[in-house]
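Novice: As a plain string of letters, each chain reads:
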Amino acid sequence: MFGLSSKDTRFLLIVVFLTLATPILLQPFPEGSSLAQFNAGYPDLMQKFAIFGIFAIGFNILFGLTGYLSFGHAAFLGVGSYTVVWMYKLLGYNVLPGLVLAVIVSALFALLIGFISLRRSGIYFSILTLAFAQMSYNLAYSVLTPITNGETGLQVYSNDPQILMGENSPTSPHLFGIVMRESTQFEVGGWLFTLNNGYYFCAVIAILAFYLSLRIFRSPFGMMLRAIKTNQTRMNYTGLNSRPYTLAAFVISGMYAGLAGGLLAAMDPLAGAERMQWTASGEVVLMTILGGAGTLMGPVLGAGFIKYFENIFSKINDGVLHAWFAFLPDGLEDLVVALIHPFVGKGWHLTLGILFMLVVIFLPGGLVEGGQRIARLFRSKKTKTAGPGGRNRDHQPKPAPHVAE
Amino acid sequence: MTNSTFTRRGVLKTGAVTGAGLALPTIFTSSASAFTNEPTGNTVTFGFNVPQTGPYAEEGLDELRAQELAVEHINGIGDGGMLNTFTSKALDGTGILGKKVQFVTGDTQTKSDAARAAAKSMIEKDGVVMINGGSSSGVAVAVQSLCQEAGIIFMAGLTHSNDTTGKDRKANGFRHFFNAYMSGAALAPVLEKAYGTERRAYHLTADYTWGYTQQESIQSFTEALGWQTVNNVLTPVGAGDFSSYIAPVLNSGADVLILNHYGGDMVNSLTQAVQFGLRDKQVNGKNFEIVVPLYSELMAEGAGENIKGVFGSMNWNWQLQDAGTKAFVQSFGQKYGRPPSNSAHTCYVQTLLYADAVARAGSFNPCAVAEALEGFEFDGMGNGPTLYRAEDHQCFKDVLVMKGAENPTTPFDTLEVVEITPRAQVEYAPNHPMFGGDEASLGQCNSGA
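Listed in order, the protein sequences are those of chains X and Y.
The first sequence maps to residues 12 to 416 in this note's numbering.
The second sequence maps to residues 185 to 633 in this note's numbering.
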């Protein structure tokens, strides 16, 4: 189906199901229970999951396939956001023109930066992209203040032209009248589920982006990119010019980043310069490595993990901890709270850092590898009971791993 | 992962179970309420959005301490602090309108995006009715517009830029802190008295919106005194090394250096200016002087010896002698063993003022609360008689001019109050050109209904 093998189709369908059911899956604890703190099914975070998922999928096309580590992808994110907010200011709150333009503008921007940066590879390429991104950040933060509104961030004001705004047009981002901010809420027992328009808009785009990346992974073009990662010198010796391929990959992943940036502004009509800072570029690298570079699902998982830590763990303060451990005797309660304290609230970076270290040391293939190992654990048990055929498995050539994993 | 063997039967089974699960929700409750996050139980939740990581984490921590104290006082725990000296007596220490106050915290990271994400999670997930705090003008403007869209009240924390209640003012947002214009208005007479009217000023300005408004304000006030402006150089934020910007000052013919910097930048630029020997120099037959328009305790601590005798302005200081300040300093000191900072005071007062406005309005509806705060006159919160102006939601009160103390005895009195500038002297028209002129408007109050 959709030009995919049956295995990939099944994989895609699982992803579609997971994405659409996210508002329900992320609310595992009833409202009012002390574990409701860990629920992540509120619109803003779900939108972030989808958007940064797109960002990481795009980044993975460059980093996972060609092995070129770009440290400047946040620049495209920022360009996308600014484009969309400018379209709000000039045309009106419909997100469509902005998003289309965001992809085009970031593609041009990526073409320019890629054309220059891709003259070098390895660490030099990373440094060049980092330099370009920091340059864009500083321009946006101060030099180009008339265009970007500097540190304050670009916003829509009531005296902006907005020439396409009708009398009854919504006054916040919408898609032909479907307002992104609005949600339907329903309660089942103690559970409260929020189905948000903006999230589903992002989710549909994320699924399309995922499908596109799946097709790229499976295409001859994808194979060529993987060949570049394996041994670019050998490729060149066979008479192939690899630069058009790397440039294409760079532009595609830049477009993904621009789309993600545009969506950020489509959910929340503001574009800030710090979206372009090097920390934001580093974040997407972390996401990809944490989840598993070169895998399809990994970057999305990584994006989800990091955003979850940033938004959920950072909100656990001492008051919450005391409420959780109130059942312990006083002295012990204080001790437990004091022990956990450095890892939550403002210490969420620490927890994430430890997790990242553990993943890099023990699961070099990222979280996806962790999942594979667990799956293999179950499978090997199954095959052992299956009969003599499975016993000699170690002595037979391994089948090529499925890239979707 | 997808290598696992799917059987037709297995898929059917899972499908049936999921289908049944999805079909379960039969009771759809419409969440029709009069306004965003209308509190229904016997508690109400406040959101405290402060920087817990990043350059202003210390300030954020102090804001958090103060807000926690304010919640205790509203709920009737502790000695009541400023509630005893506050002229409005609508709060009686039993919570607000019979509801106990709870709070959730978020980390702004001093980034607009992160701050908005934290604020959104508090609004969407925790159901807060107001957001308080923060430590940057960029963040304040960003979160203020978010609260306007969402339909809750925003009380800005430490934000000094004219824009917050100037061109970016919003009907749902209020600011207790003073602004760059007021700094200029308060500093000018003191500078005139100390340094005279024949001065040539050189500005180093942080290259972002707050820096621009600060520089614009102080320049217009010093030029009104008769001072000349030799040059204004923009410096990148977080530069660390300012020596290349300070060296040209030596030969520029200027005799006053004005550092429109904040936080770590100010600490570095001031320290380096002193190391270059600027303050021991004589130019045009006068002693070379340095001015830092906006001070904070944290900066004073960081700059140490170098701030001795340097003028600046502040919103409030714990060394004030009025009854409100004393009550607050005492209860803060009792709980945390240190005097509160100027940002702590702002956030504490704002929490109480919001609670009081709700009690007076008799409703948590943001539009009713905003109406109760608009044009509200009160006293007993430090800084003397205070007004929340209806036209732009800026707070008007006395402003402090500070000086680095010559002989500090503790780490907490490195700054001393030189003059308390009366409110009348720092007032301006709501449509002042530095505040967006006639185009700036609050817009409509939004209750999210």
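I should point out that these hints are in silico values taken from the structure, not numbers from a laboratory.
Since this is a predicted model, take the numbers as computed values, not measurements.
Among these hints, one or two may not hold up.
Distance windows between CB atoms, simulated [stated by the list, open to error]:
{"no.": "1", "chain 1": "Y", "residue 1": "G627", "chain 2": "X", "residue 2": "V190", "range": "49 to 59 Å"}
{"no.": "2", "chain 1": "X", "residue 1": "P340", "chain 2": "Y", "residue 2": "G260", "range": "56 to 66 Å"}
{"no.": "3", "chain 1": "X", "residue 1": "S180", "chain 2": "Y", "residue 2": "N226", "range": "50 to 60 Å"}
Pairs of lysine to aspartate or glutamate residues, derived as EDC-like cross-links and limited to a Cα-Cα distance of at most 20 Å, are as follows [unchecked claim]:
{"no.": "4", "chain 1": "Y", "residue 1": "K273", "chain 2": "Y", "residue 2": "E558"}
{"no.": "5", "chain 1": "Y", "residue 1": "K351", "chain 2": "Y", "residue 2": "D310"}
{"no.": "6", "chain 1": "X", "residue 1": "K100", "chain 2": "Y", "residue 2": "E333"}
{"no.": "7", "chain 1": "Y", "residue 1": "K510", "chain 2": "Y", "residue 2": "E600"}
{"no.": "8", "chain 1": "Y", "residue 1": "K519", "chain 2": "X", "residue 2": "D345"}
{"no.": "9", "chain 1": "Y", "residue 1": "K492", "chain 2": "Y", "residue 2": "E590"}
{"no.": "10", "chain 1": "Y", "residue 1": "K510", "chain 2": "Y", "residue 2": "D563"}
{"no.": "11", "chain 1": "Y", "residue 1": "K470", "chain 2": "Y", "residue 2": "E485"}
{"no.": "12", "chain 1": "Y", "residue 1": "K351", "chain 2": "X", "residue 2": "D171"}
{"no.": "13", "chain 1": "Y", "residue 1": "K519", "chain 2": "Y", "residue 2": "D310"}
{"no.": "14", "chain 1": "X", "residue 1": "K100", "chain 2": "Y", "residue 2": "E256"}
{"no.": "15", "chain 1": "Y", "residue 1": "K519", "chain 2": "X", "residue 2": "E42"}
{"no.": "16", "chain 1": "Y", "residue 1": "K284", "chain 2": "X", "residue 2": "D329"}
{"no.": "17", "chain 1": "Y", "residue 1": "K284", "chain 2": "X", "residue 2": "D171"}
{"no.": "18", "chain 1": "Y", "residue 1": "K351", "chain 2": "Y", "residue 2": "E590"}
{"no.": "19", "chain 1": "Y", "residue 1": "K510", "chain 2": "Y", "residue 2": "E603"}
{"no.": "20", "chain 1": "Y", "residue 1": "K510", "chain 2": "Y", "residue 2": "D597"}
{"no.": "21", "chain 1": "Y", "residue 1": "K351", "chain 2": "Y", "residue 2": "E376"}
{"no.": "22", "chain 1": "Y", "residue 1": "K283", "chain 2": "Y", "residue 2": "E242"}
{"no.": "23", "chain 1": "Y", "residue 1": "K587", "chain 2": "Y", "residue 2": "D464"}
{"no.": "24", "chain 1": "Y", "residue 1": "K351", "chain 2": "Y", "residue 2": "E485"}
Some, not all, of what chain X presents toward chain Y, calculated at C-beta under 8 Å [said to hold, decoys possible]:
{"no.": "25", "residue": "D55"}
{"no.": "26", "residue": "K59"}
{"no.": "27", "residue": "G283"}
Cβ atoms here follow ideal geometry from the backbone N, Cα and C, with glycine treated the same way.
Novice: Hint by hint, note whether the structure agrees.
Specialist: Consistency of the hints with the structure:
Between Y:G627 and X:V190 the C-beta distance comes to about 18 Å, which lies outside the given range of 49 to 59 Å. Under the hint 56 to 66 Å, the C-beta atoms of X:P340 and Y:G260, about 27 Å apart, miss the expected range. In this structure the hint that X:S180 and Y:N226 lie 50 to 60 Å apart at CB is violated, the actual value being about 41 Å. For the hint linking Y:K273 to Y:E558, the alpha-carbon distance of about 18 Å falls within 20 Å, and the restraint holds.
Restraint check for Y:K351 and Y:D310: the C-alpha separation of about 30 Å exceeds 20 Å, so the hint is violated. For the hint pairing X:K100 with Y:E333, the CA-to-CA distance comes to about 16 Å; that is within 20 Å, so the pair holds. At most 20 Å may separate the alpha-carbon atoms for a hinted pair to count; Y:K510 and Y:E600 meet this at roughly 16 Å. Restraint check for Y:K519 and X:D345: the C-alpha separation of about 17 Å stays at or below 20 Å, so the hint holds.
For the hint pairing Y:K492 with Y:E590, the CA-to-CA distance comes to about 5 Å; that is within 20 Å, so the pair holds. Between Y:K510 and Y:D563 the alpha-carbon distance is near 14 Å, which keeps this suggested pair within the 20 Å criterion. About 28 Å separates the Cα atoms of Y:K470 and Y:E485, which puts this hinted pair outside 20 Å; it is violated. The hinted pair formed by Y:K351 and X:D171 meets the criterion: a straight-line CA distance of about 13 Å does not exceed 20 Å.
Note on Y:K519 and Y:D310: the hinted pairing is violated, with a Cα-Cα distance of about 27 Å set against a maximum of 20 Å. For the hint linking X:K100 to Y:E256, the alpha-carbon distance of about 44 Å lies beyond 20 Å, and the restraint is violated. Our distance criterion of 20 Å between C-alpha atoms is broken by Y:K519 and X:E42, whose separation comes to about 33 Å. Note on Y:K284 and X:D329: the hinted pairing holds, with a Cα-Cα distance of about 19 Å set against a maximum of 20 Å.
Proposed proximity of Y:K284 and X:D171 is contradicted: the alpha carbons are some 43 Å apart, above 20 Å. The suggested pairing of Y:K351 with Y:E590 is violated, with an alpha-carbon distance near 39 Å, which exceeds 20 Å. Restraint check: the Cα-Cα separation between Y:K510 and Y:E603 comes to about 18 Å, which is no more than 20 Å; the hinted pair holds. Restraint check for Y:K510 and Y:D597: satisfied, since their Cα atoms lie roughly 15 Å apart, inside the 20 Å limit.
Of the pairs offered as hints, the one joining Y:K351 and Y:E376 is violated, with about 30 Å between alpha carbons and a cut-off of 20 Å exceeded. A C-alpha spacing of about 31 Å is found between Y:K283 and Y:E242, which places the hinted pair above 20 Å, so the restraint is violated. Proposed proximity of Y:K587 and Y:D464 is supported: the alpha carbons are some 18 Å apart, at most 20 Å. A C-alpha spacing of about 33 Å is found between Y:K351 and Y:E485, which places the hinted pair above 20 Å, so the restraint is violated.
Nearest Cβ of chain Y to the Cβ of X:D55: about 4 Å, under the 8 Å cut. The hint holds. With a cut of 8 Å, the hint placing X:K59 at the interface with chain Y holds, because the nearest CB-to-CB distance is about 7 Å. Residue-level restraint check for X:G283 holds (minimum Cβ-Cβ distance to chain Y is 4 Å; threshold 8 Å).
Of the numbered hints stated above, those contradicted by the structure are hints 1, 2, 3, 5, 11, 13, 14, 15, 17, 18, 21, 22, 24, listed in ascending order.
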